Amino acid sequence: MSRLNETNTKSAREIIARYPRPKSALIPLLHLSQEQNGYITREAMQHLGELVGVTSAEVYGTATFYEMFKFEPVGKYLINICGTLSCALMGANELMHHAEKKLGVNAGGTTSDGMFTLAHAECQAACTEAPTLQVNYRYRLRVTPTDLDNLIDNLRDNKLKDEFPPHGVLAKVQQVIPADRAVGTKDPEDVNESPAWLDGKAAL
Amino acid sequence: MSKTYVHAPGFVAGDRPKIVTSRFEFADSYTLERYLATDGYKGLRAALARPANEVHDDVKSATVLGRGGAGFPAGVKWGLTPQQVWPRYLVVNGDESEPGTYKDRLLMERDPHQLIEGCLIACYAAGLSQCFLYIRGEMAVAQERMAAALNEAYVAGYIGKNILGSKFSVDIILHWGAGAYVVGEETALIESLEGNRGMPRLKPPFFPAANGLYGQPTIVNNVETLANLPWLLNHGVAAYTAIGTKTSPGTRMVAVSGHVKRPGVYEIVNGTTTFRDLIYGQEFSGGIRDGNALKAFVPGGGSAPWFTPDQLDLPFEASQVGPAGSMLGSGAVMVMDETTDIPAAALTLTHFYAHESCGKCTPCREGGTWLERILRRVVDGDGTDADLQQLLEVGAMICPGAFPHAANEELGLKAVPFPYKMTTICFVGPSAFAPVHSALTLFRSEFEARVKKRVNIPVTAVGVSA
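Protein chains in written order, with our numbering: chain A, 1 to 204; chain B, 1 to 466.
Okay, chain B solo, but in the shape it has when bound (with noise of 0.2 Å):
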């Protein structure tokens, strides 16, 4: 049965497990009283009551993959930090801004203190010293409850000296943004948190975990990753992995958006929920609107190339969806029925990421607002069948090679695999493109409708006479 709370807005229980989301139906559930009621800090009791290094192995074998969008196993990510280095720092990236992502919010707003359970689980366990939790600027509410939270977790003596009269000892300082979608890239998340301008660092080194805020190691870990936290060490490794696949344990955030019956958020089984489920299943989203026919739809947030219908029956499942030639990203489903004008569509993203563009990289900083230049005429009908070719030209400075795409028997095109090939440092350059790519690649004729025949004109080079 299918749940909707007023307090929650967008989000959807079902009957499923709940890992991240138990307490969501509670209207006062970013309260301690409420979530002491509901095993709260329970996961943290357990945790201090076991050497660090236990509960380090613990996340290891639970196999928590990290939420934001590379997928990364956490336990794996706290053991990258040098031997014999400290201090070691925790940042809590809570800059949710990916185009189609809606969770880490939820859970900011919603459940902040099992954020703070996660987050001293992690600081306890990985030996990090110092908690900066920040959080994306324009979500102001957010930031209330988790300032609110964290004030009654320092009183109760959950947060700070001696927590719990234990010897383990840490502060969660909250940290807030100021509005720039390239800070949620976990280096420019370290510069940002250093009071500088939030552009990516130079790679390598490539993991924070060596060498990140201050040069120290650095854990950046997702709102969503900590969250799984308490209840895997309240239930133990066996109950977490008894949910989901193998490769992808316990559950995940998802939010389903755009044309569907019922656009929401959902927290699925891991790795056995099919985009079908999805997008038409009762207990999600329903079918598409108006009984309109799919078109094509965005598997992983606005950075993701783009499936049609033909993907549908592909499970929610980083392994397989990555083959296919996508990615699963932060849990974003975005979905265009057979109304969409395509070519309109992937401008929006496409501006967005040529807005974003923090301007290090060249290709990312002038190859994005060519994007968008050309694009914009195109679609204005302004453009030219030369246009289209310059497009791809253009993306293939900032993605040389194959581009990942997924298999279509009607174009007949193959899958090239995610991930991409890139010339700039972080992943925003290649998101300028995605959408672009596919949608010429699965929509061309969109585009020839509107672009006008080029006329030849004569060019005579410099220099030589005619």
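With the rest of the complex left out, here is chain A (with noise of 0.2 Å):
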């Protein structure tokens, strides 16, 4: 169950097919893989491998580089609360207190029912609207303690499920690329020639 299913494959193949060299693709299908199953499992990575044409110690090289990706199941929701220098001015270590005292783990650990994980974030790109947090990478903003529980009797009781899908999956909208206007690419070692619009003419 952990390589990917058979519709991911042929997205996966899809995926590599737009870059030059296949092993480009390795990040985007880690992120498949972990929509897939929910974290890195070892034969997802061994697949991986097989798809791009790479040992699965390199995609394990890769994989364990980028703290998105997880090695054990995580909470259905992924609460990073940022600490970073705008929002730590603002509150974030209180907010942090409070959270693991409404959830009942600390920073870094999962609830027993397995719906959340509760981690510690660096800096994420909100410094304005600080304090900040990400429930599955998407936003809350200026969050106040009863914010926060507000949040979590919500997404407990599955009242957010359209805002938040589950870990893992990141972006609900994917980019398709039309057969009939794809450029498509080359491994940049059979391309020598210069593009065509550059003949010192408009190309228009």
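Any given hint might turn out to be false.
Unchecked claim - In the DSS-like style, the derived pairs of lysine-lysine whose C-alpha atoms are separated by at most 30 Å in a straight line are: (1) A:Lys-186 <-> B:Lys-167; (2) B:Lys-360 <-> A:Lys-70; (3) B:Lys-167 <-> B:Lys-295; (4) A:Lys-23 <-> A:Lys-172; (5) A:Lys-201 <-> B:Lys-60; (6) B:Lys-60 <-> A:Lys-23; (7) A:Lys-10 <-> B:Lys-161; (8) A:Lys-201 <-> B:Lys-161.
Please keep in mind that the hints were generated in silico from the structure rather than gathered at the bench.
On a predicted model such as this, the values are computed, not experimentally measured, just so you know.
Now that you have both chains on their own, put them together as the hints suggest.
Following this line, the structure appears as structure tokens:
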């Protein structure tokens, strides 16, 4: 079950075909795998290695560099509370303590019902809206302890499932390149002429 | 008149020229329909109606500065590619994650077509045959908006084969990361795009324009830089350079966060707006919260050495902020008022850089961690006076020599201009030390108040009898 299923293998092949070299597709494929299984498994890395033509050790090497890939199950909702300067100045520590109390786990932990994983995060690029948090990489801004309580209660009651898809699902819209519009790509070794439009004349 | 919009949280519009935020007032600004109704893809048409080299010359003569941090002019960067080496690639750096920075995500979420059009103009002008749009992994909504916009633009004939019926053809591939700050460094970004661990490459070669993705000439441009191009091509060089100063034309997006009355993201006129305007101006952040006094501010993202109130009247202009001892970086001002616990504030930033060190260069991997560990025990009240000296010594291993800092009359400091000397490949190492150095130089008494006096432990050298 942790190899990509048939539909995802098909998407994976489409994604690979967009790059001049297959290994470039590795991070998008790891996301696809995490979307399917919730985290990255050994078998998944084996399969991705087969798809892009590298060893599973190389896939592991890449995957472990990046914070977002998880190698053990995490909660359905991953709550990342930002603690970098702008958020820290606006009460991020207090917010984290409050979340720890509310969920009954420490930062880094998962609740026993598997619903929530709480984590300390680094700058989330919403600094003017501090303190911020992300639930499965979707924002909540200027969060007060009361907001946080309501958020957790609503997530637990399944009231926000449209706004926050389960952990692993990132963008709900994927790029689709129509076959009749695609330029396509080649390995750079196989190209040595300049692009057609660099002939010194206007393109239109 | 300042205006805010529910659909663009953080953004504050004012009576100032708008180059990249002109559509933010519309709730549906990310749709193709709205884009076309508001001059969308006109810049592309104007570009395609002229030979590619002329478009490149326009970007050069308009001096469109890179908005990612280094401030290198885009037109010059495009010209660094070696002759007759093909193919060449464009990689868009949308891995915004410098502490304090909030602009590229807004531009991607609110106006994705503007970025697409900018990418197309860059590819046309510089002869780049494929474009990779690398968005930070943790930005799910930006990825969705960009994907939807790319899909619309492909179907409408703006991307792909024979764009608008011309001989110009290029694909834009949406790519996304998975959480690693260092990937914002352009050679690390390329490594990541090749499917590897995102570690910066050894230099030289200094510029990916010479040797980048798959060893080919590659232009790496920031999101905001490219977002300027549609307006430039549509309105012309003269209109662009009429805004801002000679050395920094156009506008810039700046985020002001921290202890101000109204934190916000503003598109400001480049080069003339001062930090005082940004922090105290009524059309900007409106002063310090609760009428408190300003203690210090970070002028250009977490990596930048700090400024104190003496520097408030400096304009937001690289040629003045650099010699004053800091940098503009990615357009992020973080403000700390008199209630700020300075050692703790420095710790959050040092923790960030220590955590984000990729581990390639020893001074950053080990030194960053040491800085964090020592600083943490000082903050926790377990440090000794020797720790303060130790912090400076560890920092000197990462950045030897005089460290950039601003002039400060009270402390008798002369300005030491930015940039640093460094023992690492990229700026993550020096960035871990910047907050420590600034905090310790400017607010040493706050550290001293927290440390215990060291009790000397007599040490006997090994093998020597006492």
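We went through each hint and held it up to the structure:
1. About 19 Å separates the Cα atoms of A:Lys-186 and B:Lys-167, which keeps this hinted pair within 30 Å; it holds.
2. Between the alpha carbons of B:Lys-360 and A:Lys-70 the distance comes to roughly 22 Å, so the proposed pair stays at or under 30 Å and holds.
3. In summary, the hint linking B:Lys-167 to B:Lys-295 is not supported, as the alpha carbons are separated by about 57 Å, beyond the 30 Å threshold.
4. Pair hint A:Lys-23 plus A:Lys-172 holds up; C-alpha atoms about 24 Å apart against a cutoff of 30 Å.
5. With a CA separation close to 19 Å, the supplied pair A:Lys-201 and B:Lys-60 stays within the 30 Å bound.
6. A distance of roughly 35 Å separates the Cα atoms of B:Lys-60 and A:Lys-23; the hinted pair therefore is violated under the 30 Å criterion.
7. Pair hint A:Lys-10 plus B:Lys-161 holds up; C-alpha atoms about 24 Å apart against a cutoff of 30 Å.
8. Taken as a hint, the A:Lys-201 and B:Lys-161 pair is honoured in the structure, with Cα atoms around 18 Å apart against an allowance of 30 Å.
Hints 3, 6, counting from the list given before, are not met by this structure.
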